[in-house]
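Those protein sequence lines, which keep their order, are chains F and A. Counting from 1, one number per residue, gives the positions in the first sequence under our numbering. Counting from 1001, one number per residue, gives the positions in the second sequence under our numbering.
Be careful, since some hints might not be right.
Among the chain A residues that face chain F by a calculated CB cut under 7 Å, a handful are [what the hints assert, rightly or not]:
id, residue
1, 1093
2, 1096
3, 1100
4, 1102
5, 1166
6, 1194
7, 1198
8, 1203
9, 1205
10, 1206
11, 1236
12, 1315
13, 1455
What the simulated footprint calls covered on chain F by chain A, stretch by stretch (three residues with Cβ under 8 Å from a Cβ of chain A suffice, anywhere in the stretch; the number is not a length) [what the hints assert, rightly or not]:
id, stretch
14, 34-44
15, 89-102
16, 105-118
17, 217-224
Rather than coming from a laboratory, the hints here were simulated on the basis of the structure. Even for Gly, the Cβ is constructed at its ideal location relative to N, Cα and C.
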Amino acid sequence: MSMIHNFLFIALPYVALIVFLIGTVYRYVCASYSVSSMSSQFLESKKLYWGSVPFHIGMMGVFFLHLGAFLIPKAVLAWNGEPLRLIALEITGFVFALSFLFGLIVLFIRRVATPRIRAVTTWVDIAVELLILYQVVLGCIIAANYRWGSSWFASDLSPYLWSILKLDPHIDAVIAMPHVVQAHIVGAFLLILVFPFTRLMHMLVAPFHYLLRPYQQVIWNWDRKTINSAESKWSQHRPRNN
Amino acid sequence: MDIRAQVSMVFHLDKCIGCHTCSIACKNIWTDRKGAEYMWWNNVETKPGTGYPTKWEDQEVYKGGWERKNGTIELRGAGKSKGLLNIFHNPHMPTIDDYYEPFTFKYLDLIESPEKGVQPTARPVSLITGKPIDIKMGPNWDDDLSGTPDFARKDPNFKNMTTAEAEAMFQLEKMALYYLPRICNHCLNPACAASCPSGAIYKRGEDGIVLINQDVCRAWRMCVTACPYKKSYYNWNNGKSEKCILCYPRIEAGLAPACMHSCVGRIRYLGVILYDAEKILEMASAPEHDLVEAQLNILCDPEDPEVIASAKANGIADSTIKAAQDSPTYKFVKLWNLALPLHPEYRTLPMLFYVPPLLPVMASVTQGKNEDQKKKLHEVSKVWDDKWLYDTSTEDIWGTIDEARFPLKYLASLFTSGDEDLVKGPLKKLMAVRMYRRYKTVGDLSKVRAVEALNETGLTEEDADSIYYLTTLAKFDDRFVIPASHREQALDMLDFPGDEKGGAGFGGSKPAVRGL
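So here's chain A without its partners, still in its complex pose (with noise of 0.2 Å):
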């Protein structure tokens, strides 16, 4: 047993509204310079869509992340042979275009530009040219499923459902979306750590934060190909790698990362797991059916005594551990198995791990009767034509989920490589807490029927409660335990790199200027 500590998180789906304020939070403190403008460490896809870059999800195309052959994993695009023979020109990296040209507009011309005949306008200019370009890209091109034809419909995950199932997504009556904020996972099997020539990315060990030294990046790029979030940036201007450090500023501080403490749905939790490192490689290489359970076996028990006695030994702090026992992360992955790892068939054992959205897949639409409806209503009151009514009655007691309109097999695609009962599991604990919570706060539900809805999950009333408490009422210290780092026992963490602004996040005080 080889226990490290790991800071993990938790994103709840169905709180998530979109509103990409995590996105700005990061991107006002860490992304806003020459050569990282079309970075966002953070950012939030609508799916089904292309995301970003654009379909990021096919690996077919940007080779990320590990593939498992003759029993153990190799890298897919990257690794020592294919790396160091592909270093003078990396077949399989994305350029900018896959990301988006970043721009801005010429702002002065409204000012300056002299009388006219017409209006005078602010054309787009290139951030990187300084010439006018016409905009073909953005961040959030396709959000709420606009552009449906490029880019919904050109999801990867279709690629296992039949054209019909995909064809009925977007069928107006039945279309759904929901949103999927990403940052960089801090994966336990990091592919752009192993994929690296100069070794300059490396997990931190107290907290598990995967960083790149800007010292040592000697942009070979090889990272933005391994990773198969593409959540490793090449920073164009300076010729370095960049990519989400996790806030560790201020997670040593105990505060939570900007993107979280901003979230507007509170929908984020993040927590300490402790995990043994021995089992990583046999972890990760399991079958593709056993992914996600392999994924929760790594994760250790933070109460058992032989486990903390292990991590005592490796050197985690008293006050990790505790964090460890208090982790509300540990609670919906572990405890409660609500959340799941996203594309766990990458096999890099990401540490972000998702609620699934109830939401989309919950109602049904059905006929309903408009005319009694209207007869209510007032004469001069607006009257819908249609018939469709956005339904949630079922008598059968899963129903919902099972004639969801949103298949489940894209859910599955998405969190669990394809295993629809394993993606349907949390779904029925999401269902069976709101039969509970009707039954307590409506009382139009029978306890019978709640309480059995619960067992059948596997869920007690005591979880209902936890689960119920964490995800709606919890406070800013239940959703973030984290344990402030010793800075009496490392003198460099007192260097605090937000301070001078420009920098490039991490690698001390000294301004992050392009070499020649």
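Chain F extracted, bound-state conformation (with noise of 0.2 Å):
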């Protein structure tokens, strides 16, 4: 155990969730104003199709798979008890991560290459690019060499990460494991630090609840019982000062 290690995967991933949970939430409350997902479709549609459907719907499944490996780390190791069965999840982690990483080089080029996106695009922009790009890379290179990271990570890493949480950390797993696989560790802690400061927060306001509410929504400003009571001051008549 070194310092840096206790500082990658100790102090790091306090620091990252912490700020990642005062950050979401002040922004949401604060600042909801800046919260959107900051879509240039209406700049350029074409080359976004090829972009963002293969970069979203990847992202999501390769999310999905982590949270499902952290989450319900015994379940996925029995899943993958039977090899068949571990190599058709492999190979559809896999699939997810070539259409994220596909769908974000796409972005990236469209994002660089077209005027009027440029137009729109912060620093902040190609900074979380840069990261996600390190991210995916990074990730698709761990799942080609060092298999079976689906069974290794329920095993592994997930009691690391579940150790950060009940705040008993045990980094043994991690000084033991290959840098590529650190250096992803550390990646995903940089990208939970920078959330709460870049366009990522419009993941957490994915509407789901569309699917719940009535498709008109009637808002009243004034208080409806007062208005007509005799105690109201307001006469029939239109006010004449302005």
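The task is to assemble the complex, starting from two chains supplied on their own in separate frames and drawing on the hints.
In structure tokens, the structure reads:
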């Protein structure tokens, strides 16, 4: 155990998680206007299709597979007990990752090469895209070189992540991992760290509640009970004070 | 019965002179910001023409509005399943090129250019990229039928007309146009509100104004597709959708919206209408030929004690009910049946009604006898060689409407989803009132004939007097009957969002700054 390990696998995760929690809540509550997916489809639509769709679908696949291995490691290990199922799971994950990577590259080229999109690009957008690119490339390398990720993630890394959440960090398993995997873990926490300061915020406001609401929403500004009471001072006449 | 109040509008198209003062008033107050330059919450189109954005009426392309399926309605291009499945890329969303790329000119070059053999020029530059561009399109590029081959001939309203009928409109002697000013219709069944995944778009209970909560909008951009009138705009800089807010800060103060206040032709009327919210779905899903009538059915008589009781139970203020009883729009729309909704087949139940234009319909063109005319003129005066005369005389009482040079089919396509008889109704009434006034003022028409014409259209002499008054003489307070809001009941309203230059016009006094 060295200083650098403590910093990367204990300090960084806690800083990242605390900043994430406070930052997202603060931005959602106090700066809600700034929370937006910042869609640029209005300025360029055709290339966006080939970038955005594979990017988001791939991202969601990869995200939920990681989440599954983290939340229900035993179920994943049990599933992987059968070699055929293990390979099926790994291939599914890898296809999602490739789709993620393909979409990201298309989006990146589009952002840099289209003058109109450059006009709505901030340095934060570029930084986030590079960070995600770093993360996805490392993920693909790991998936290809260190088999079988779904199993060792569930058995070795899930306990580490849980130990972080339980405020009793055990980093032995992480230290024993190859450097590529360690870099991937650091990248993940960096993404969580910068999350509240970027457009990634739109993940948290994904509109699933749309399915449950009625099509028309009506909002009343005034208090409907007192508006017609005798104590209400307004007359029937139109005010002429303007 | 579930009575709600709606601020509704009537635009009298015969009076519109196409001066665009309304558009400029709106632009100066609300949309002179980065990302909003291309937006015209109020715009005036020439009809026939393709409008703004180009061919917005072509729902095969834009997929706006509702469509009837199995007796009920669903959104054509958005909605819960389609909207969420297309959230990463909306295939029906218009892009900036469907409107126009906003531009300015490099005026400084005129001053700072070094001495050269040629005059310096101010080149156009894009307001998006800042780079020089060739201007391809601008607001009202097709104003007054300019560029007819590229614009007017491609008007989607010709789709139900034969080529011969459409071409007849473009013969020089028969050519006619009128203006169509458009703002957000503040619909009773707003497709934009239904399509919003975030639930940011809502209808205000007090006055029915449809607003986008800027703090909740997340740029899922479904409203841009869903609104069949393309009156929900995407701010490409701030990543938020914006639309006409009917100048609600002014309405709350009892003032007319800026576009209406500044209207030179005084074509605009604004007043409260009470409607039955329970009937929305039923009326919006009526069969196509019943849609105009269905839209009238949903509006309630403000003098009916039952309606008043239900309105009060719903928390509608007495001042609003009083305004509904004095409403000029209720008279135009329901009492006199003079005004029609724009494209009722989109099934959003728009609350902006149009009095169809009689002027381009009325006159026909005949061969005149120029020789007689020439004899009367001085020898140096210019003599027209052509023999075409603008002729409004006909023996037949409704002849000028039946033989209209502007096909009624075209007007019907805009205002009654294709029903020519329905569009004839208001035109006949307008004509009858003119005949009645002719009898009154000029006297070359007998009273019998004038009253006969009125009766045939179902109007009385009193009606004709009222229509005449409200059309031509009405003062500001007759045209705009606006109940001021009850600010004592809602502290939120004390904040005036127009106070701060550069604000988005809604959402308090915070400056609208693009997020990271």
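Taking the hints in turn, this is what the structure says about them:
Because the closest C-beta pair between residue 1093 of chain A and chain F is about 6 Å apart, less than 7 Å, the hint holds. A least Cβ separation of about 6 Å between residue 1096 of chain A and chain F falls short of the 7 Å threshold, and the interface hint therefore holds. Interface restraint check for residue 1100 of chain A: the shortest CB-CB distance to chain F comes to about 13 Å, outside 7 Å, so the restraint is violated. The beta carbon of residue 1102 of chain A is not positioned within 7 Å of any beta carbon in chain F (closest approach about 11 Å), and the interface hint is therefore violated.
Interface restraint check for residue 1166 of chain A: the shortest CB-CB distance to chain F comes to about 31 Å, outside 7 Å, so the restraint is violated. Because the beta carbon of residue 1194 of chain A sits about 4 Å from the nearest beta carbon in chain F, less than 7 Å, this interface hint is met. With a least beta-carbon distance of about 5 Å to chain F, the hint placing residue 1198 of chain A at the interface is held under the 7 Å criterion. Because the smallest distance between the Cβ of residue 1203 of chain A and any Cβ of chain F comes to about 5 Å, under 7 Å, the interface hint for this residue holds.
Look at residue 1205 of chain A: its Cβ gets to within about 4 Å of chain F, closer than 7 Å, so that hint holds up. The interface hint given for residue 1206 of chain A is met, as the beta carbon of that residue sits about 6 Å from the closest beta carbon of chain F, less than 7 Å. A distance limit of 7 Å between C-beta atoms decides the matter here; for residue 1236 of chain A the minimum to chain F is near 5 Å, and the interface restraint holds. Hint status for residue 1315 of chain A relative to chain F: holds, with the closest Cβ pair at about 3 Å, below 7 Å.
A cut of 7 Å between beta carbons decides the hint on residue 1455 of chain A: the least distance to chain F is about 36 Å, and the hint is violated. Coverage of the stretch 34-44 of chain F by chain A holds in this model, with 11 residues showing a Cβ closer than 8 Å to a Cβ of that chain against a need of three. With a cut-off of 8 Å between beta carbons, the stretch 89-102 of chain F has 0 residues touching chain A; three or more are needed, and the interface restraint is violated. Coverage of the stretch 105-118 of chain F by chain A holds. Counting CB-CB distances below 8 Å, 3 residues qualify, and the rule asks for three or more.
Look at the stretch 217-224 of chain F against chain A: 8 of its residues bring a Cβ nearer than 8 Å to a Cβ of that chain, three or more, so the hint holds.
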